[in-house]
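Residue numbers (my numbering), protein chains in the order written: chain A, 5 to 359; chain B, 5 to 359.
Some hints could be false.
Because identical chains cannot be distinguished in the list, a pair is counted as satisfied if it fits within a single copy or across any two copies.
DMTMM-like, lysine to aspartate or glutamate: derived pairs with alpha carbons at most 20 angstroms apart [unchecked claim]:
| id | residue 1 | residue 2 |
| --- | --- | --- |
| 1 | K38 | D113 |
| 2 | K63 | D10 |
| 3 | K63 | E318 |
None of these hints come from the bench; they were simulated from the model.
There are 2 protein chains.
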Amino acid sequence: MNRKSDRMADIARRLGVSKSTVSRSLSDSPEIGKATKARVLAEARAVGYAVNPLASALKTRRGRILLVLVPRIENFLFPMLLRTIERAASEMEYTLMIGYVAGDSRTDDRLLDFMYSGAADGVIIATGFAPDTLAERLDRGEMWPAAFVMTPGARNDIPSIALDDYGAGREVYRRLRAEGYKRIGMVSGASGPTAVGQLRRNAFIEAAVEDGAAREDLVIFDGSFRYETGWNAREFIAKASDRLDAVICGSDEIAFGLINGLRSLGVSVPRDLAVAGFDDILFARHFSPSLTTVRQPIEEMGRLAVAKIVEMVERKSWSATEMLGFEVVMRESAPAGGGEATPPERSHKISAPRR
Amino acid sequence: MNRKSDRMADIARRLGVSKSTVSRSLSDSPEIGKATKARVLAEARAVGYAVNPLASALKTRRGRILLVLVPRIENFLFPMLLRTIERAASEMEYTLMIGYVAGDSRTDDRLLDFMYSGAADGVIIATGFAPDTLAERLDRGEMWPAAFVMTPGARNDIPSIALDDYGAGREVYRRLRAEGYKRIGMVSGASGPTAVGQLRRNAFIEAAVEDGAAREDLVIFDGSFRYETGWNAREFIAKASDRLDAVICGSDEIAFGLINGLRSLGVSVPRDLAVAGFDDILFARHFSPSLTTVRQPIEEMGRLAVAKIVEMVERKSWSATEMLGFEVVMRESAPAGGGEATPPERSHKISAPRR
DNA sequence: TTGTAGGCGTTATCAC
DNA sequence: GTGATAACGCCTACAA
Numbered sequence: 005m006n007r008k009s010d011r012m013a014d015i016a017r018r019l020g021v022s023k024s025t026v027s028r029s030l031s032d033s034p035e036i037g038k039a040t041k042a043r044v045l046a047e048a049r050a051v052g053y054a055v056n057p058l059a060s061a062l063k064t065r066r067g068r069i070l071l072v073l074v075p076r077i078e079n080f081l082f083p084m085l086l087r088t089i090e091r092a093a094s095e096m097e098y099t100l101m102i103g104y105v106a107g108d109s110r111t112d113d114r115l116l117d118f119m120y121s122g123a124a125d126g127v128i129i130a131t132g133f134a135p136d137t138l139a140e141r142l143d144r145g146e147m148w149p150a151a152f153v154m155t156p157g158a159r160n161d162i163p164s165i166a167l168d169d170y171g172a173g174r175e176v177y178r179r180l181r182a183e184g185y186k187r188i189g190m191v192s193g194a195s196g197p198t199a200v201g202q203l204r205r206n207a208f209i210e211a212a213v214e215d216g217a218a219r220e221d222l223v224i225f226d227g228s229f230r231y232e233t234g235w236n237a238r239e240f241i242a243k244a245s246d247r248l249d250a251v252i253c254g255s256d257e258i259a260f261g262l263i264n265g266l267r268s269l270g271v272s273v274p275r276d277l278a279v280a281g282f283d284d285i286l287f288a289r290h291f292s293p294s295l296t297t298v299r300q301p302i303e304e305m306g307r308l309a310v311a312k313i314v315e316m317v318e319r320k321s322w323s324a325t326e327m328l329g330f331e332v333v334m335r336e337s338a339p340a341g342g343g344e345a346t347p348p349e350r351s352h353k354i355s356a357p358r359r
Numbered sequence: 005m006n007r008k009s010d011r012m013a014d015i016a017r018r019l020g021v022s023k024s025t026v027s028r029s030l031s032d033s034p035e036i037g038k039a040t041k042a043r044v045l046a047e048a049r050a051v052g053y054a055v056n057p058l059a060s061a062l063k064t065r066r067g068r069i070l071l072v073l074v075p076r077i078e079n080f081l082f083p084m085l086l087r088t089i090e091r092a093a094s095e096m097e098y099t100l101m102i103g104y105v106a107g108d109s110r111t112d113d114r115l116l117d118f119m120y121s122g123a124a125d126g127v128i129i130a131t132g133f134a135p136d137t138l139a140e141r142l143d144r145g146e147m148w149p150a151a152f153v154m155t156p157g158a159r160n161d162i163p164s165i166a167l168d169d170y171g172a173g174r175e176v177y178r179r180l181r182a183e184g185y186k187r188i189g190m191v192s193g194a195s196g197p198t199a200v201g202q203l204r205r206n207a208f209i210e211a212a213v214e215d216g217a218a219r220e221d222l223v224i225f226d227g228s229f230r231y232e233t234g235w236n237a238r239e240f241i242a243k244a245s246d247r248l249d250a251v252i253c254g255s256d257e258i259a260f261g262l263i264n265g266l267r268s269l270g271v272s273v274p275r276d277l278a279v280a281g282f283d284d285i286l287f288a289r290h291f292s293p294s295l296t297t298v299r300q301p302i303e304e305m306g307r308l309a310v311a312k313i314v315e316m317v318e319r320k321s322w323s324a325t326e327m328l329g330f331e332v333v334m335r336e337s338a339p340a341g342g343g344e345a346t347p348p349e350r351s352h353k354i355s356a357p358r359r
């Protein structure tokens, strides 16, 4: 293996200047002569010299690296999130180190050691939990640039950039009701590992109860965010289908599973029952029927997360939690105005609220 | 910000030993007393000390980091690939630095500078092209641990771990014929940026011609690997549908687009026409109809890529290109034996080969 | 505006 | 088996 590149000293010697001069030229320091700087840059470009980021980081304790922690769980949103984070980071001249961590906490410490050593500048956590070693340090009062993203954070000394899941849950319910769907059920992701499923489930329940439904009459099936949950709910929902006009699912994947499951039982979506999802993953528009769902502002989340971390790093300032807006996208699986088409004999009597 | 951790010197002082002793204990060097080593490890664990990877890498020119270069293009396989690579790397105690590069070559040099400086040990390239700065160095005769993955490599001084796309293309054709489908067309991804589309297209053509079809009678629509290509092909294929029993698509996404497109024109898959995809992305089994396709051995690719790089790094040995096997998965969109059900009047007269 | 010197936290080489 | 010492390649007071 031949990996001997020039060092600053080589460039300096060749140009008859000192290492400092080269260093200053390359880091466009203000205290450097325009002419010498030009000479140095020219030479550097000519021989393909690049500053050794390792040595530089060791000295300055700034590596221009961002850590990103994602859960190993299958989720179609993470790839998108990663890409937007990378793009934003790249624009600010940061690179990404990635770790897929087991799920809740216990992450690979090797990754975080980069941060503690100064190689990495901050960490974006998409798992909902601060890894143990970070939590310990924060508890000790140390401060590290970190942010939760796409999930409500587990601690409030770290900002969190996430969808307003509760608000979105209520809005889907409200919107479906406005479109004429009267009796609405849910297949939730509340049994999964994240708090998001609970938020969406609670939002649904409270919106329905405020709307006049009886808490104990609500049709709810609980599971994780995965496809299998929807599939497993098929009989439960099919049996309740004469009491329902629409079903809100905790995720798009659940919705896919439910729609396919119902189809296998002869229940057609949206003809017999409308189904709405959550997230607007790439496939939602290509599924058949295309999915009515809530769009997550992934792009915005990625950009904001990076911006906040970089702000914390470079200005040493602190940053606040951010709750992002959402958008309900009406498609075929629960078409706008679709509830009006419900045959009269299926029209629903909403139970009066009990105390 | 409070980020002062202990250094080796601190541990050493506290234990009344030298830095060397601490270093040796922590890197389980053979030349160290069992007792002292135990003391050091205990102390290190007690105070939560971890070796500074930056300083270590600067000295040893080994950072235990692997670069991964992925294209920014949407492709449902990359997330899976990344995860398997990360898992394999993690088991060998490497971490991942990721760069989404624009597409063909021009990548972010910052990323590769980590490798050139010794921080990163090798690079896994999933874009099909060696980035410029790497190519230059290789041309100069330097050697860097690198491997192409999931795509035939652009240079043969770097190993490539990929599916036998040509073989797989022929096998899909052969398999469909064996299942009774007589007249087969293709919607290819050959106009896309990678060579893979071409390989699959050529395989199809040659298999068909050897099978007795006339080259100029073959029904082929060319596009990229994306959903839109399938959708755009819908009218072309629908018009030719009375001359076809099945269509092979260059990717699963194309197949989804085609199936949806045909449905919009009243052509039902597989009743009127069978459709097969390529890749077996996660969604292939959940689509309706579920997709007959060729499974890429993503897991195997990820593991093999990491194993090869690590081998190159640690044993300084060289490694050879690897062509992986595949598997045709028969599902609803082109069911096994489905070709037999073709009504007799649609049976096909295969043109004799012309010279 | 430029040069000199010292150190960032490790590991490797050499003694003992 | 253990300890002193010199790099690794860069940045940054401080001095000129």
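Hints versus structure:
1. Proximity of K38 and D113 under a CA criterion of 20 angstroms is satisfied in neither setting, with 45 angstroms inside one chain copy and 25 angstroms between copies.
2. In the homo-oligomer, the alpha carbons of K63 and D10 lie at most 20 angstroms apart both inside one protomer (19 angstroms) and across protomers (16 angstroms), since each shortest distance falls under that limit.
3. Taking the shortest Cα distances, K63 and E318 sit within 20 angstroms of each other inside one copy (16 angstroms), while across copies they are farther apart (28 angstroms).
Hint 1 from the earlier list is the only one contradicted by this structure; the remaining hints agree with it.
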